[in-house]
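Student: Got chain Z sorted already, so can you dock chain E onto it with the hints?
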Amino acid sequence: MNLIKTSKRDMTIMQIILIVIAVIWLFPLLSAVQRSLEFQGLENYKSLFTNPANGVPITQLYLNSAIIAVFHVIFVLVVASLAGFAFNQLDFFGKEFIYYAIVVCLSVPAIVVLVPLFYTLKQAGLLNSYIGVALTEAALTLPFGILMLRNYGDNIPREFSEAATIDGAGPWELFRYIYLPLARPALINLATLSALWSFQDFLLPAVFITNARLTTAAVAAQSFRDYQGFTALTIGRYNASLVLLALPALVLLIFGQRFIISGLTSGGIKS
Amino acid sequence: MKLTDQTALQNTTNPAPRMIGNRNRRKHKNNVSATLFLLPMLGFYAVFYVYAFYFLIQTSFQAVTLSFRNAQPVGFQNYFLVLTHDLFYQAVLNTFIFASILVLASLTLGFGLAVILSFKIPGRAVFFSIFMLPTLIPASLIASVFASMLEYRYGNLNELLRTIELGALAQRWLVDPHLAYMAVISIFVYLIGLPILYYTADLSTIDTSVIEAAIIDGADTIQLFRLILFPLLSNAHKTVIVTTFLSIFRAFEIVYLFTGGGPSNTTDITGTYIYTFMRTGNNIGYVSAASVIVLLLALVFSVIQLRLYRRVGNEERLS
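From first to last, the protein sequence lines are chains Z and E. Position one of the first sequence corresponds to residue 178 (our numbering), numbered consecutively onward. Position one of the second sequence corresponds to residue -1 (our numbering), numbered consecutively onward.
It cannot be assumed that every hint is accurate.
[What the hints assert, rightly or not] Computed cross-link-like contacts, EDC-like style, restricted to lysine to aspartate or glutamate with a CA-CA straight-line distance of at most 16 Å: (1) Z:Lys185 / E:Asp205; (2) Z:Lys182 / E:Asp218; (3) Z:Lys182 / E:Glu210; (4) E:Lys118 / E:Glu210; (5) Z:Lys182 / E:Asp205; (6) Z:Lys272 / Z:Asp331; (7) Z:Lys182 / E:Asp215; (8) E:Lys118 / Z:Asp187.
[Unchecked claim] Which stretches of chain E does chain Z cover? Using the computed rule of at least three CB atoms under 8 Å from a CB of chain Z, they are: (9) 52 to 63; (10) 267 to 274.
[As the list claims (entries may be wrong)] Listed next, with one range per pair, are the computed distances between beta-carbon atoms: (11) E:Ser232 / Z:Arg435: 43 to 51 Å; (12) E:Asp205 / Z:Gln300: 55 to 63 Å; (13) E:Tyr49 / Z:Asp403: 17 to 25 Å; (14) E:Ser232 / Z:Leu424: 38 to 46 Å; (15) Z:Gln300 / E:Lys118: 25 to 33 Å; (16) E:Leu85 / Z:Asp268: 49 to 57 Å; (17) Z:Val197 / E:Thr203: 27 to 35 Å; (18) Z:Arg435 / E:Val30: 22 to 30 Å; (19) Z:Leu424 / E:Leu85: 36 to 44 Å; (20) Z:Asp268 / E:Arg305: 20 to 28 Å; (21) Z:Gln217 / E:Asp205: 54 to 62 Å; (22) Z:Val200 / E:Asp218: 20 to 28 Å; (23) Z:Leu207 / E:Ser202: 45 to 53 Å; (24) Z:Pro358 / E:Pro120: 37 to 45 Å.
Keep in mind the hints are simulated off the structure, nothing from the lab. Glycine residues also receive a C-beta, built at the ideal position from the N, C-alpha and C atoms.
Here chain Z stands alone, though its shape is the one from the complex (with noise of 0.2 Å):
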């Protein structure tokens, strides 16, 4: 669509609305920037660094936050577009009602099958491990992961894997050199909007990993806060230790904030 134009009065009258708005949006992550210098001014952001608020430097944390992420990128990328691709391109017994019954489960809450998950991660030891935490985030991600391939591939022609069968080309050459390919652009979207999950989870890494140098930096901001409280004098380092946590989302905010913004609105409907 074309962007709208209207009286010059209106236009003032919505441009004064939007920046009245967006100066509320904007007072809580300015006050956090504010706060966090507060008292020690840039101090507070050195001394997280040299003296971690819980014995774990914060490079730590990002680091557990980037291997998690990218644990949960693989799973999902490898098991959707495998999955997608036979949904795509293949006609086999019972697709649709696999289909629904996979997407189904996209409202499945984290928190309503966290005990079952836990038992399941303890009895294959895998808790405090980054892969177990990236494979569950994996498995409440897969629903999403599927269907927004299958809305994306629904758009891709069968002719091209039509023409390459009769070359004789079997499904794994197909998938290979055919599918994979012409998905890229969904595949893309759906690797950052895994990223980005990754980095905003909180249950998963929280209840599965106990030990603190193996946290991730979402988790972290509750251990900073018990450690820390509310008084005159950590509040500025409180909220320093929250911008900092915060920084590897931006990062990926800032790169990839158009793959996020076309996935969110591709894939349609998660939250």
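Tutor: Here is chain E on its own, set in the frame of chain Z:
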């Protein structure tokens, strides 16, 4: 009937039957390779969903602790206890109240902002990012920032009120039950990015000629919003309503890190309710029974969502 005639006709004119035969044969042949391609996903589902659901149902009929030893069968007792617990109803009710208010906010504020952002206003990309940013930053951090901001003695909101000589308005925001309730609503409204995104996406598919025609016919901006754009975005409204409800079922960490469900359970949602009982770890059967009930509630929304989405999807494909 007509179709078979046509096929019969084609039979005589071109080698189509061979193609059709091929297609049918391929349909059967694909079962094996489809199974192989679906295998990793089926493995994930078997372990993390099917087994998890089985586990939940099984333990919901038992008295068992987090050590998972010496489980005793107790029949429907756990379900009975959950369904007679006032706080469970409060948590479910809160989930629906928060979701309803949030839907209302999305249909008004979210819709309004998305439409304003579709006008030719300078800096619209920046404004869009400002509204999206809180949604995309980890919610645990946003909740922590809000908790810190509303803290009584050192929180920024009270400090601001004191600076502008309105110190009398400073409140114990998270201690007073009514204020805490409002505070939780406000943090949810603050995370309005996704509704704005869905509206923006739907707006971009609208044919501008409708709007231009309306403006030429003398529609003022308010009328344009209310009478033309609001009805035109009905698909986005549906998506927003369903996803908003589902998002509150998933909003555990926001409430947990903001108010912890308190003061005295007034702001509990289903997620924090379940978590509180899980943390004690001594009655997992009870937790499982509550989880099964919440799971069924959430699945209802997911079925609605899929039905909506299927229709919306088809319309899009047709147009």
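Student: Does each hint fit the structure? Answer for all of them.
Tutor: Hints and how they fare:
1. Taking the CA atoms of Z:Lys185 and E:Asp205, the gap is about 23 Å. The hint is violated against a cut of 16 Å.
2. Distance hint between Z:Lys182 and E:Asp218 is fulfilled; the C-alpha atoms sit about 11 Å from each other, no more than 16 Å.
3. With a C-alpha separation of about 9 Å, the suggested pair Z:Lys182 and E:Glu210 falls inside the 16 Å cut-off, and the hint holds.
4. Between E:Lys118 and E:Glu210 the alpha-carbon distance is near 14 Å, which keeps this suggested pair within the 16 Å criterion.
5. For the hint pairing Z:Lys182 with E:Asp205, the CA-to-CA distance comes to about 14 Å; that is within 16 Å, so the pair holds.
6. Under the criterion of a C-alpha separation no larger than 16 Å, the hint pairing Z:Lys272 with Z:Asp331 is consistent with the structure, at around 14 Å.
7. Distance hint between Z:Lys182 and E:Asp215 is fulfilled; the C-alpha atoms sit about 14 Å from each other, no more than 16 Å.
8. Distance restraint check for E:Lys118 and Z:Asp187: the Cα-Cα separation of roughly 11 Å lies within the 16 Å cut-off, and the hinted pair is therefore satisfied.
9. Taking a C-beta to C-beta cut-off of 8 Å, the stretch 52 to 63 of chain E contributes 3 residues in contact with chain Z, enough for the three needed, and the coverage statement holds.
10. Only residues whose C-beta sits within less than 8 Å of a C-beta in chain Z count toward coverage, and the stretch 267 to 274 of chain E has 4 of them, enough to reach three; the restraint holds.
11. Taking the beta carbon of each, E:Ser232 and Z:Arg435 are about 28 Å apart, not inside 43 to 51 Å as hinted.
12. As the Cβ distance of E:Asp205 to Z:Gln300 is approximately 57 Å, the hint placing it in 55 to 63 Å holds.
13. Here the CB-CB span from E:Tyr49 to Z:Asp403 is close to 34 Å, at odds with the stated 17 to 25 Å.
14. In this structure, E:Ser232 and Z:Leu424 meet the distance hint of 38 to 46 Å, their C-beta atoms being roughly 40 Å apart.
15. Between Z:Gln300 and E:Lys118 the C-beta distance comes to about 59 Å, which lies outside the given range of 25 to 33 Å.
16. Range check, E:Leu85 to Z:Asp268: about 50 Å between beta-carbon atoms, so the 49 to 57 Å window is met.
17. Checked against the given bound of 27 to 35 Å, the beta carbons of Z:Val197 and E:Thr203, roughly 29 Å apart, stay inside it.
18. For Z:Arg435 and E:Val30, the hinted distance range of 22 to 30 Å is not satisfied, since their beta carbons lie about 39 Å from each other.
19. Look at Z:Leu424 against E:Leu85: about 38 Å separates their beta carbons, and that is inside 36 to 44 Å.
20. At roughly 24 Å, the beta carbons of Z:Asp268 and E:Arg305 sit within the given window of 20 to 28 Å.
21. For the pair Z:Gln217 and E:Asp205, the supplied restraint of 54 to 62 Å holds, since their beta-carbon distance comes to about 57 Å.
22. The hint said 20 to 28 Å for the Cβ distance between Z:Val200 and E:Asp218, and at roughly 27 Å that hint holds.
23. Take Z:Leu207 and E:Ser202: their Cβ atoms lie about 30 Å apart, and the range 45 to 53 Å is violated.
24. A hinted range of 37 to 45 Å for the beta carbons of Z:Pro358 and E:Pro120 is consistent with their spacing of about 40 Å.
Of the numbered hints stated above, those contradicted by the structure are hints 1, 11, 13, 15, 18, 23, listed in ascending order.
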